[in-house]
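Protein chains in written order, with this note's numbering: chain Z, 2 to 260; chain C, 157 to 359.
Check each hint, because a few of them may be wrong.
Claimed, not checked - Every beta carbon over 10 Å from chain Z, so not counted as near; a handful from chain C, in silico:
no.: 1; residue: Ala175
no.: 2; residue: Lys178
no.: 3; residue: Asp196
no.: 4; residue: Leu307
no.: 5; residue: Thr317
no.: 6; residue: Glu341
Unchecked claim - With beta-carbon atoms standing in for the labels, derived distance ranges:
no.: 7; chain 1: Z; residue 1: Glu206; chain 2: C; residue 2: Asn310; range: 44 to 54 Å
no.: 8; chain 1: C; residue 1: Lys224; chain 2: Z; residue 2: Lys26; range: 54 to 64 Å
no.: 9; chain 1: Z; residue 1: Asn111; chain 2: C; residue 2: Lys291; range: 47 to 57 Å
no.: 10; chain 1: Z; residue 1: Lys116; chain 2: C; residue 2: Gly165; range: 38 to 48 Å
What the hints assert, rightly or not - Over the 10 Å line for every Cβ pair with chain Z, so calculated as not near, a few chain C residues:
no.: 11; residue: His182
no.: 12; residue: Asp187
no.: 13; residue: Thr245
no.: 14; residue: Lys254
no.: 15; residue: Tyr320
no.: 16; residue: Ser323
no.: 17; residue: Glu331
no.: 18; residue: His339
no.: 19; residue: Lys342
no.: 20; residue: Glu345
Simulated from the structure, these hints should not be mistaken for lab results.
Backbone N, C-alpha and C fix where the C-beta goes; we use that ideal spot for every residue, glycine too.
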Amino acid sequence: MLKSRIIPIMTFNGFGLVKTKGFAKNPRMVGNAVQAAKVYNNRNVDELVFLDIYASDKNRKMNLQLARLIINECFMPVALGGGIKTIEDIHDLLAIGADKVVLKTKIIDNPEFIKEAAEVFGNQCITIAIDAEKRDDGNYYLYNRIDKKIELYSFLEKIKSYPFGEIILTSVNNDGMMNGFDIPLVKEVEEIIKVPIVVSGGGGELEHFKELFSTTSIEAVGAASIFHFTRYTPRDLKLAIASVGRPVRIVEKQYIPEN
Amino acid sequence: MTIAIIKYGMGNVASVQKAIKKMGYHSIITDNAYEIEKADVIILPGVGSFKKGMENLIEGGFVELLSKEVLLNKKPFIGICLGMQLIATYGNEPERVKGLDWIKGEVIKIKSDNLRVPHLGWNTITVKNNNKKYKEFNKEDYYFIHSYHFLTENPNDILMTVDYGDSLVAAVQKENIHAMQFHPEKSQEAGIQLIKKILDSYA
Chain Z
2 MLKSRIIPIM
12 TFNGFGLVKT
22 KGFAKNPRMV
32 GNAVQAAKVY
42 NNRNVDELVF
52 LDIYASDKNR
62 KMNLQLARLI
72 INECFMPVAL
82 GGGIKTIEDI
92 HDLLAIGADK
102 VVLKTKIIDN
112 PEFIKEAAEV
122 FGNQCITIAI
132 DAEKRDDGNY
142 YLYNRIDKKI
152 ELYSFLEKIK
162 SYPFGEIILT
172 SVNNDGMMNG
182 FDIPLVKEVE
192 EIIKVPIVVS
202 GGGGELEHFK
212 ELFSTTSIEA
222 VGAASIFHFT
232 RYTPRDLKLA
242 IASVGRPVRI
252 VEKQYIPEN
Chain C
157 MTIAIIKYGM
167 GNVASVQKAI
177 KKMGYHSIIT
187 DNAYEIEKAD
197 VIILPGVGSF
207 KKGMENLIEG
217 GFVELLSKEV
227 LLNKKPFIGI
237 CLGMQLIATY
247 GNEPERVKGL
257 DWIKGEVIKI
267 KSDNLRVPHL
277 GWNTITVKNN
287 NKKYKEFNKE
297 DYYFIHSYHF
307 LTENPNDILM
317 TVDYGDSLVA
327 AVQKENIHAM
337 QFHPEKSQEA
347 GIQLIKKILD
357 SYA
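Here chain Z stands alone, though its shape is the one from the complex:
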C-alpha cells in the first residue's frame, strides 16, 4: 500500500536554516542545512524539501554549492526551490541531483511556465508551491510578494489540468503557529487538485497530524517547526499517523554509510 509521507521542509535565508511564523520577515535561525539534512537522512524521512524562501525577493539563484552538499547527504528524494525563473535554472538543479523542483513566484506571474518546464523535464519533477492566505474578508488568496491579488480557488481551477506532478499546499496563516492544520482549506483543495498534495503549515502536536490524516485523504505532510522546536521526531509523527489507520513507512533497520 502507498505510504503516507512525512517531509521535513527546510527553509533557508541565504545563510542558514530559518523558521518563519505566518511568512513574516523576521524568522528564527534554526541551524545548519547540511547537518540537518544528514540527521533527516539518518532518521529515514521519506523525502526532503529545501527552499530558499527569499531568493525571488532578492532576485538571486539557488546556492548550488550548498544544495549539492545537502543532496550528498540524502539517499531519499530531494526537492529544491527558490528563485527559479528559467528552464536553465531547473536544469541546473536537476543536474546536481535534485529529484524535483518547486516553482512558485514564477508561475504566479506566468502559469504557462509550468507547461514549458514539463515539456522539457517531464511533469513528475515539477512541484508547485501553493501558499494560501486567508484574508479578513474570509476568502483565500495566493500569497505572493509581487503585489498580485489572485483568488486561490479560481487559480487552482485554472491550473489544475496543467502538467505538474505534485503541489505543496501551505497555510500562510498557520505557518509556524503550531496550532493545527487548516483542514477546511485542505478539503477544498483536494477536491480540485488530482495530483498528490503535500500539506504544510500548523503541525505542532501529534494530535494535529492525527486530525489531518483522519479527516482528509491526503497522503503527504510537510513539517518544520515540530522538528525544530519540540522533541518529536519524524518517527513519532509516523506512529501518530499509523494510529488513525493510515499506512506509513517505519524503518527498523539503521543504515550507517561507511564513508
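With chain Z fixed as given, assemble chain C onto it according to the hints.
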C-alpha cells in the same frame, strides 16, 4: 568491475553514481561508445517522457550499441524508471512510439478513477513467489514516481509487482536484463541493498 551509467540527457545520473559509490563500486557517467563497450555493467537511468527518451537514445547513437551489448554480448543491464520503460516494445508518453523492444510489452498510462496520478511515494513491492534470489526484498518499500506503467506480454518477465489500484509491474528480469520502475538510488537502504545484490552477482 566498471559500471557505465549512460548519459543521454534524461535526468538524474548523479544520484545513481552516488548510490553505487556507497556500495563500493566504481562507475563512470558516459556517452562514449568505447567506454560503454569496455564496461562490465550498463545502467540506464532516466526521468522524463518515453518519446523524448527514445529520441535521445536514437540521436546519441545508443540504440544499436546498447542492443548489441545487452542482447548479443549479454552484458548485465540495469534499467531504472524511464530506463526500465524504454526496454519495452512500445511507449505512449505522450503518443505511441517504438521502444528498444528487449522485453515484450507496452508502457501505458496508469488508469485511475479515485487514485492520484502520478503514483508518487513509498510503496510496498511483492517479489514473485517462486523467486528465491530476491526473496529477501519481498514487502520492502521503494520510492516510486511515475504516471505510466509497463504492461509485459510474458508474465515470466515480471520480478516484482506493486499495488496501486491494480497490481502494476515494479521490476522485470530476463536473463542479464534487470529493470525497475521505482528508484533504488532514492530508496535508502532497501534500494542500495537491491542494487548491491545485482552487482555482487556479477562481480
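Quick rundown of the hints versus the structure:
1. Distance check on C:Ala175: its Cβ comes as close as 7 Å (rounded) to a Cβ of chain Z, failing to clear the 10 Å threshold; non-interface status is violated.
2. The beta carbon of C:Lys178 sits about 6 Å from the closest Cβ of chain Z, which is not more than 10 Å, so the claim that it is off the interface is violated.
3. Every Cβ of chain Z is farther than 10 Å from the Cβ of C:Asp196; the closest lies at roughly 22 Å, confirming the non-interface assignment.
4. The claim that C:Leu307 lies off the interface holds: its Cβ sits roughly 19 Å from the closest Cβ of chain Z, which is beyond the 10 Å cut-off.
5. For C:Thr317, the non-interface assignment is confirmed: its Cβ lies about 13 Å from the closest Cβ of chain Z, beyond the 10 Å cut-off.
6. Chain Z draws C:Glu341 into its interface by the beta-carbon criterion, the shortest separation being 8 Å against a cut-off of 10 Å.
7. Between Z:Glu206 and C:Asn310 the Cβ separation comes to about 52 Å, which falls inside the hinted range of 44 to 54 Å.
8. Here the CB-CB span from C:Lys224 to Z:Lys26 is close to 60 Å, well matched to the stated 54 to 64 Å.
9. Between Z:Asn111 and C:Lys291 the C-beta distance comes to about 51 Å, which sits within the given range of 47 to 57 Å.
10. Separation of Z:Lys116 from C:Gly165 is about 20 Å and departs from the stated range, judged on CB atoms against 38 to 48 Å.
11. With 10 Å as the threshold on Cβ separation, the claim that C:His182 sits away from chain Z holds: the shortest Cβ distance comes to roughly 14 Å.
12. With a least CB separation of 15 Å from chain Z, C:Asp187 remains clear of the 10 Å interface cut-off, as annotated.
13. Here C:Thr245 stays apart from chain Z, with its beta-carbon at least about 21 Å from theirs, past the 10 Å limit.
14. For C:Lys254, the non-interface assignment is confirmed: its Cβ lies about 19 Å from the closest Cβ of chain Z, beyond the 10 Å cut-off.
15. For C:Tyr320, the shortest C-beta to C-beta distance to chain Z comes to about 6 Å, within the 10 Å cut-off, and the non-interface label is violated.
16. Look at C:Ser323: its CB is around 12 Å from the nearest CB on chain Z, clear of 10 Å, so calling it non-interface holds up.
17. No Cβ of chain Z comes within 10 Å of the Cβ of C:Glu331; the nearest lies about 29 Å off, and the non-interface call holds.
18. Distance check on C:His339: its Cβ comes as close as 7 Å (rounded) to a Cβ of chain Z, failing to clear the 10 Å threshold; non-interface status is violated.
19. Not every beta carbon of chain Z lies more than 10 Å from that of C:Lys342, the smallest distance being close to 5 Å; the non-interface claim is violated.
20. At roughly 4 Å from the closest C-beta of chain Z, the C-beta of C:Glu345 falls inside 10 Å, breaking its exclusion from the interface.
Checked against the numbered hints given earlier, this structure breaks hints 1, 2, 6, 10, 15, 18, 19 and 20; the rest are met.
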